[in-house]
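Chemist: Read top to bottom, the protein sequences are chains U and P.
Residue numbers for the first sequence, in the working numbering: 1 to 271.
Residue numbers for the second sequence, in the working numbering: 1 to 506.
Worth flagging that the hints you see were computed from the coordinates, not collected in a lab.
Built from N, CA and C at the ideal position, the CB exists for glycine as well.
Accuracy of the hints is not assured; some may be wrong.
[Claimed, not checked] Calculated lysine-lysine pairs in the DSBU-like style (CA-CA distance at most 30 Å, straight line):
1. P:LYS470 / U:LYS32
2. P:LYS466 / P:LYS47
3. U:LYS200 / P:LYS466
4. U:LYS209 / P:LYS490
5. P:LYS490 / U:LYS32
6. P:LYS47 / P:LYS35
7. U:LYS200 / P:LYS35
8. P:LYS466 / P:LYS490
9. U:LYS32 / P:LYS35
10. U:LYS209 / P:LYS35
[As the list claims (entries may be wrong)] With beta-carbon atoms standing in for the labels, derived distance ranges:
11. U:THR29 / P:ASP279: 51 to 59 Å
12. U:GLU52 / P:THR339: 32 to 40 Å
13. P:TRP98 / U:THR213: 48 to 56 Å
14. P:GLY30 / U:ASP151: 26 to 34 Å
15. P:SER74 / U:ASN153: 41 to 49 Å
16. U:GLN205 / P:PRO7: 49 to 57 Å
17. P:SER49 / U:GLY150: 31 to 39 Å
Single-letter residue listing:
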Amino acid sequence: MPDITFDYIPATGAVLQPDGFNRDLYQQTSGKSLFETLNGNVTYPNLDAAFEVESHLIRPGQTGIARSDGRIFSADYFSDLWAGLNNSFYTPIGGACLSFRVPYDMSYALFSASVFLTVWRQFGPPDPNADDPFDTRLTTPDIRIQMFYGDGNGIAYTRRELPQTVFFKNDGGAPNASIGMVEQYTCHHYNLLHAKIAGKSAPNQQLTKGYATFGLAVYVSQNLNGQQTSGTDYQLNLIFDGADDERPDSYYKGIQRVRTYVRNATVMGLL
Amino acid sequence: MPHTFPPRRIRPGEPADPDVFNETFQAVAGKLSGKLGEQDIDAASLKSSVSVVEEGYYDAHHIYRASDPRWTTSHLWILNWETPSADNPASLLDNASWQAVADTSSDDVLELNIASSEDTFVIFAQVQYIGFGLNTPGMPPSPGDPLRLQFALQVDGVTMDDTATGAFFYPDTPPQQWYRADGVGYDFDFRHIQYIQNTVGMNNGANATRIIRALPVTDGTHNVRLVYRRIPRNNFGVDNDGAGISILAFNRRLFVLRIKGNPSYAGGVPSVDVSAVEDGQTVSLGNIFTNSLESMRQTTNALRAENIERSALRNEHLPSLVYGSDVAYIAPASSVPVTFVAFSTYPGYGVDGLGWTTANNGVGTNLEITNGGAGWDLSANPGTMIVLANLQIWKVAYAADESVGAVCVVTLAYTNSLGARTVLGECEVYINGHNPNPVVTGMEPIGDDAPLMWIVDSNDLSADDKLIDKIEVLVSRHDGGGVLAEPDVKTQRGMITAFVLRDVHT
Chain U
1 MPDITFDYIP ATGAVLQPDG FNRDLYQQTS GKSLFETLNG NVTYPNLDAA FEVESHLIRP
61 GQTGIARSDG RIFSADYFSD LWAGLNNSFY TPIGGACLSF RVPYDMSYAL FSASVFLTVW
121 RQFGPPDPNA DDPFDTRLTT PDIRIQMFYG DGNGIAYTRR ELPQTVFFKN DGGAPNASIG
181 MVEQYTCHHY NLLHAKIAGK SAPNQQLTKG YATFGLAVYV SQNLNGQQTS GTDYQLNLIF
241 DGADDERPDS YYKGIQRVRT YVRNATVMGL L
Chain P
1 MPHTFPPRRI RPGEPADPDV FNETFQAVAG KLSGKLGEQD IDAASLKSSV SVVEEGYYDA
61 HHIYRASDPR WTTSHLWILN WETPSADNPA SLLDNASWQA VADTSSDDVL ELNIASSEDT
121 FVIFAQVQYI GFGLNTPGMP PSPGDPLRLQ FALQVDGVTM DDTATGAFFY PDTPPQQWYR
181 ADGVGYDFDF RHIQYIQNTV GMNNGANATR IIRALPVTDG THNVRLVYRR IPRNNFGVDN
241 DGAGISILAF NRRLFVLRIK GNPSYAGGVP SVDVSAVEDG QTVSLGNIFT NSLESMRQTT
301 NALRAENIER SALRNEHLPS LVYGSDVAYI APASSVPVTF VAFSTYPGYG VDGLGWTTAN
361 NGVGTNLEIT NGGAGWDLSA NPGTMIVLAN LQIWKVAYAA DESVGAVCVV TLAYTNSLGA
421 RTVLGECEVY INGHNPNPVV TGMEPIGDDA PLMWIVDSND LSADDKLIDK IEVLVSRHDG
481 GGVLAEPDVK TQRGMITAFV LRDVHT
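Please construct the entire structure, taking both the sequences and the accompanying hints into account.
Modeler: What follows is the structure, given as structure tokens:
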């Protein structure tokens, strides 16, 4: 309401008009009485010209929120845990996900998901059907991580495809014959970000009041169990046929894996 | 505060009773004396017009070191790492205990001491490290020299476990794999895999990391610092020949945004001047109007902070102090070779030149933001600008050499309204290729991610630079392996975001 202007201003020597006095205290017409203004109708014009919102006037939590969660124990994600299924899904990484309440619409929200991981994505596994398995090397299925928001909404720009782990040729061939399988080459710390901003379009649209879930998920594509083929779905199942070796014919399964170590998820929302 | 109403009404012909006047005045004066609550204040009116005292919502604390590894025109891993005092790096000593990242030259710790009430800290830290080969300081660590380096945040002496950039417990050996193929000549068994136990920390020769963590804090002064440790081998042996790998931290930054929660009251006391009506006093214009109703009217027409109840204002009353927030991304389905100008290389720390290419998706979309085309006017909206970005570095390699000295350089740059571009040396990130192919000569993809962060107080920018048209992610390359050839770089997905907190200064 605008500044209060009284209807009734008594004059010196005049008889006090009770109705006028009462109306100066309270009447329904806006901007005419004290109680009407002070009961929910204090507006910007009522403020002193030098008024500024000071920190102590603000209810805690009303200008922003920030939450974190994390885990320190490692967790492994394998390619063959669900053998026989068409595992084309991302699995949330426990400890790198966060569900939280959004108390009001946020002007700006930043989502951060961090993980240190090592990847065992085999590099060019030998083709068991080739005369020289190392001359014909196969490409292993993808392993990826990606942030998600809500139920199943992956954020494409946060997707990180993980490289193949070096596979060692053990016959002394150059150049790194003495090293072996060097998973240490594919140790990564990722700190991936997603932002939601008022006025932007998906996937960056405003973070609005309610509940929200986001986090990091891992995708380790399926390696069907127990089948012998050179097809891309089965390439890691190599037969050891026994004919060229003294050990009995048997299947050996190569699995792909991501080990997640310390990880963390953080959200910051600003009014 | 609940609504209040006149406790009594004055009726015509009623004898003047001082209590009637006083009770009525007290009801109004009481409300004006620091009792105006959230329900009394129209939210929309305030939100659209009210000003906020400087740093009323947030404050910001920032420390950084801009440290040049002096990768200029030399074809070396590093030119003058033996004289670090010139560029103020931080030595990262070979010790398994958490230690503060401190300047080598002065021992000054990268830390912030922040006085707070019951607030929430949002802590951002970033650091670039570079390791050096054993006995070959001009070369990067070989593939067999894992660094096993971790960083973490520490608050008030307590390491925040879930911020460690590696394995918290060690040894924490991944499950070993085994694998066989047919053929006598290629029979192999990797149940005993060498070095696999060293996958406990960042390992390659040059990389950067960023840590973000929120933390509620209590009243008091809090120390926030970036710490590191170097994990021993599984067999507790030292690196290779016993000399250990030396590691330096170069560009490094610590930023804390404090979201104020429950600050102490430091304002004045409410002053509402109302005269009481006394028994036997003559009813006058002064005592029932000028010194009461009119006085309270004037107070109501010029309300001050002390008239309002503590913690009365909610988000509905409060304007946002976020200005110029923007985000952009690129998401090519497969990796994109960075197209450099022929024979161009890294122009130097914070130096613009042909060696830089804007990160892009390969089909014309650059990784850059412009605040929706409006740019940022930090003269009219002074405050602290926060810029964050990520870019996947898929591969860094020489065309025909497996040296791990191939380096990709990524940084941020801004262009002011006059069209002048500033390359931010303090944001430079260096990542080397480190995944050699074991069968044929060459390097495999690394799949790393370049984290970028720039924090700037508008007070630290020149008048021209306070008008920013564009912020972009730049990519360059450096021959750190002495191969005398320029590495190829492939990038993939990335994002950049920025926002300004008005009236917040570091």
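Chemist: Failing hints, ascending?
Modeler: Going through the list in order, the structure violates hints 1, 4, 5, 7, 8, 11, 12, 13, 14 and respects the others.
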